[in-house]
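Undergrad: Can you join these two chains into the complex? Each is in its own frame, and there are hints to help.
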Amino acid sequence: MVEPILAVRDLVVDYRTRGARTVRAVDGVSFDLFPGETLGLVGESGCGKSTLARALTQLIRPDAGRVLLRTTVPERDLCTLRGEALRATRRELQLVFQDPYASLDPRLTAGAIVAEPLRCFGTARSLALARAAELLAMVGLAPEHAGRYPHEFSGGQRQRIGLARALALEPRIVICDEPVSALDVSVQAQVLNLLIDLQKRLGLTLLFISHDLAVVRRMADRVAVMQAGRIVELADSERLYRDPQHAYTRTLLAAVPPHDPPAA
Amino acid sequence: MPDPLLSVRDLEAGFRTRAGWVRAVDGVSFDLAAGEAFGVVGESGSGKSALSLALMGLMPGNGSIVGGSLRFAGQELVGMPERQRRALRGRRMALVFQDPMTSLNPYLRVGDQVDEAIRLHLGLDRRAARRRTVGLFAAVGIPEPEVRAARYPHQLSGGQRQRVMIAMALSCDPDLLIADEPTTALDVTVQAQVLALLREQQRARRMGLILITHNLGVVAATCDRAAVMYAGRFVEIAGVRELFAEPRHPYTRGLFAALPRIDDDRSRPLVAIPGQPPRLVGARVGCPFAPRCPHAGDDCRAVDPPLAADASGRLHRCLRNLPPWKEVARG
Numbered sequence: 001m002v003e004p005i006l007a008v009r010d011l012v013v014d015y016r017t018r019g020a021r022t023v024r025a026v027d028g029v030s031f032d033l034f035p036g037e038t039l040g041l042v043g044e045s046g047c048g049k050s051t052l053a054r055a056l057t058q059l060i061r062p063d064a065g066r067v068l069l070r071t072t073v074p075e076r077d078l079c080t081l082r083g084e085a086l087r088a089t090r091r092e093l094q095l096v097f098q099d100p101y102a103s104l105d106p107r108l109t110a111g112a113i114v115a116e117p118l119r120c121f122g123t124a125r126s127l128a129l130a131r132a133a134e135l136l137a138m139v140g141l142a143p144e145h146a147g148r149y150p151h152e153f154s155g156g157q158r159q160r161i162g163l164a165r166a167l168a169l170e171p172r173i174v175i176c177d178e179p180v181s182a183l184d185v186s187v188q189a190q191v192l193n194l195l196i197d198l199q200k201r202l203g204l205t206l207l208f209i210s211h212d213l214a215v216v217r218r219m220a221d222r223v224a225v226m227q228a229g230r231i232v233e234l235a236d237s238e239r240l241y242r243d244p245q246h247a248y249t250r251t252l253l254a255a256v257p258p259h260d261p262p263a264a
Numbered sequence: 001m002p003d004p005l006l007s008v009r010d011l012e013a014g015f016r017t018r019a020g021w022v023r024a025v026d027g028v029s030f031d032l033a034a035g036e037a038f039g040v041v042g043e044s045g046s047g048k049s050a051l052s053l054a055l056m057g058l059m060p061g062n063g064s065i066v067g068g069s070l071r072f073a074g075q076e077l078v079g080m081p082e083r084q085r086r087a088l089r090g091r092r093m094a095l096v097f098q099d100p101m102t103s104l105n106p107y108l109r110v111g112d113q114v115d116e117a118i119r120l121h122l123g124l125d126r127r128a129a130r131r132r133t134v135g136l137f138a139a140v141g142i143p144e145p146e147v148r149a150a151r152y153p154h155q156l157s158g159g160q161r162q163r164v165m166i167a168m169a170l171s172c173d174p175d176l177l178i179a180d181e182p183t184t185a186l187d188v189t190v191q192a193q194v195l196a197l198l199r200e201q202q203r204a205r206r207m208g209l210i211l212i213t214h215n216l217g218v219v220a221a222t223c224d225r226a227a228v229m230y231a232g233r234f235v236e237i238a239g240v241r242e243l244f245a246e247p248r249h250p251y252t253r254g255l256f257a258a259l260p261r262i263d264d265d266r267s268r269p270l271v272a273i274p275g276q277p278p279r280l281v282g283a284r285v286g287c288p289f290a291p292r293c294p295h296a297g298d299d300c301r302a303v304d305p306p307l308a309a310d311a312s313g314r315l316h317r318c319l320r321n322l323p324p325w326k327e328v329a330r331g
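Just so you know, the protein sequences line up as chains A and B, in that order. Just so we're aligned: 153 in our numbering is position 153 of the first sequence, and the numbers increase by one with no gaps anywhere. Just so we're aligned: 180 in our numbering is position 180 of the second sequence, and the numbers increase by one with no gaps anywhere.
For the record, the hints were derived by calculation from the structure and aren't laboratory data. We treat Cβ as the ideally placed atom computed from N, Cα and C, and that holds for glycine. Take the hints with a grain of salt, since some may be wrong.
[As the list claims (entries may be wrong)] Across the chosen pairs, the derived CB separations fall in these ranges:
| id | chain 1 | residue 1 | chain 2 | residue 2 | range |
| --- | --- | --- | --- | --- | --- |
| 1 | B | P143 | A | L59 | 36 to 42 Å |
| 2 | B | P143 | A | G46 | 19 to 25 Å |
| 3 | A | E144 | B | T184 | 30 to 36 Å |
| 4 | A | F34 | B | A245 | 38 to 44 Å |
[What the hints assert, rightly or not] If you only want the chain A side, here are some residues facing chain B, beta carbon under 7 Å, derived:
| id | residue |
| --- | --- |
| 5 | S154 |
| 6 | L213 |
| 7 | R217 |
This is chain B alone, in the form it adopts within the complex (with noise of 0.2 Å):
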């Protein structure tokens, strides 16, 4: 097997707060070879945004990388100086973040935004530089791109704000790109537009794809692989299809029953998963999923799991040997 484009190990990050540290990333570890799509699903405070800052280095002033191991295309991330760090973010490494409107800068016509992105990274002159812009405006289908291109932000859709800003992700062809929530502020008819422009692009480009999202639908639509975060860490990782069909984690088993689904009648019972998230603050003991989970015993109150292989090959993060998943009225 190739080198992975992006080898993660045992990541940990927080942030100091008024409460204390908040360990957000708490020992992540994760390979994504090149042209994988991964999606990281978790729900808010799992740590799913602070990992996709960590990962570009992009962690606020009270933030930081404590512990482990980022290597992308096999340079190490971790303590790597600011200047040479900058140099592969937009280049080699980009972000779409979920709010077009605040990431784009309203002051500036957005085809000058996504010049400015290509002439600094790519060295290209003025023309040259909006030829690529117009070039890629059209390949994320913004109509008629070189009139777009001299609008203002607030002048576009919200559809048509993220495909610029996926616009200017693509615009120096990068390895990697993490996309973090890319549709959560979009309708689902967008959305759906969006999701399948992304999955696109990253094949066409066979580009390492990081979706992360709240979103289960928007994984199996896009991803190859999948992570469900945590309390800061993966408690499974599998192939969408194999983690869709056959949860072994008893937070992805609680996810599942407690989503509605469109096609399923009224009489299957939503089970709620009782309890909050953690907080991530202060000492740890056990499993974090213990105190919401139907399985927990003594042991797991006592025990923290390592995420591991169990029987049947499969990655998660759990003593019991769960039986086979059964969804109940499915039909």
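Okay, chain A solo, but in the shape it has when bound (with noise of 0.2 Å):
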């Protein structure tokens, strides 16, 4: 039996508001993600999607639960490592984000954003510089676009650069939120095309967060339905596309608009 990679517990967010109120994002949330999997996470907007992704990679501190990373005997726990331990442990878990404009520092080359986390982890400017050009190789950007900065590129073509940077420490698990949102049909089936190759050739597990049926049935192996910050149904994705079995994933999946007009 395949042991999980990464292992959530009973995970917890609470967001606390003006007047003392809380907002519970993430209510008890647990799931397992098996090597090599691509796991899809599906849900409204406000669901907790977000929240999740960054309570997984310590952005957010969780308020309870446990992120056990079973990478390494003995497994160790997100949630509780500090400071040093933590940034190292980080490495193996890396991030892709929504917004191709937001997420990439706009006075940064394209080569110097993706050599950053290797700089950050002590390798050397030429070296990390050296690196960062292979990564966007990897990616199927050219060596001159090295040079360049975010403005110059399209959006299809800076989500290629952040999936470089998040490959630069060599994650086991990479969590992509919404990666393929803000991008166009023509241009978001280039960069799922490159996440399965990737994925492919680096043996990469991968959480993959959308509000879009289609591109999630596509992209998953198993897929979560989460709404108001609870899992409400996970299974294959076959069979959760098959046969939903919650009432909420179905009102999901009949919503979604139809790919061919009604008959005549």
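TA: Shown next, in the form of structure tokens:
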């Protein structure tokens, strides 16, 4: 039996708003992520998908629960790690963001953006830039792109840069938070195919977050459906789309616009 | 055939930018019959929003219509004085934008905003206007319409705000409604409801609808006929059933091949369209899709084909007569 590479247990994230009210954005989420798989996470805006992504990577510290990384023995609980230990562990778990405009520093070149994670972990500048050039080639960009700034790239190209940056530290797990939502259909397919290709070549484990059920069907081996901070259904992709069990999953699937016009 | 409600001929519109003149709408022609729902599908930068602004006479300061004709209910709109144009806008042609949060005034109660449009255009008094507003809110599916009319925009959900926008657009019984990405900011479940509402109101009122979107599924759900827009022009126009069953232009086919479907399995490869859409600045030679087109040859790079009927009577801009479209692994 294959052991999970990441085990999430009873994760809770609360947001405290003015007036001391709390909003429970992630409400007791548990799931396993198996090596080499793509787990899709779907849900509507405000359901807690992005908060969950940030809580897994500890960009938001969860209020309760465990995020167990099982790439080493003994396993490590990211929620209890602090400082240098957390920083070192985070290498294995990287994030690709939705907005290819907001997530790249406009004052750094593409090469410097991709080299930055390596620089953070002490790689010499020249080595880091050389590695960045390799990474940019791996995501389908040309060598001359390394010297250009984010505004000189299209949305799809920026998302490739974000992907190269996420891969710089050779993570085992990549969390993609709506990675193609800002892209047009013709370019979206380029980035999805690139993700599939890189996953095969590098043996990556993906958590693929999206509101688009057709995209998730294309990408995911298993799918988790999130509603109001909870995972209400988790099943093999094939089964979830063929035979949804939870009422909310059915509502979501029924709401997807048709792919063909209604018959006359 | 009766006169069309809207007749667009060789429309050219664009924007002055530092990079030069952007040909956002580059020779668009189509007719819209009264009571017809017409979709315009395009990706970002295709010129679809510029088209909606040009149709409404709402081009921003650096933009203008530079050629062609727009006839609406027998009147030429290009060159019409702004005062006359304004009388038509809202009254006979109305617009629903993508983002209801930025198109509603955050300082005013939503009911007052709809009342204002009604009083301005129809000359009703305050009480009659409010009666009409409440009736419209009920018609577009806003629960407790009297109560909601007294709310401010931020107190409503995104779907409710879009319903308010639709109510406002319908308030003067327009002959033509232009909806520019009306559901893009909404979640799928809400999107489905808003599209159903638009379709229902369009049919009940026999209103012309131009629905501008990047989403092919939205067109399939809502429209009778559709155009595919690329680089400022229509590359293909057809009835939606013909368009979806047998796309004729290579770009339309590329869009279908690149689009993940909820009912397909992962064995069908997703075929991306290589490259990027062209920038619409500077001289153009040949077909603008040629650099990304798998069927392009030297002739395509030299000649820009007009929108014309092919042997089967289908309208598209392509020199090639492609073999029938068989969707692989549709199942």
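Undergrad: Any hints from earlier that this structure breaks? Give me their numbers in increasing order, please.
TA: none
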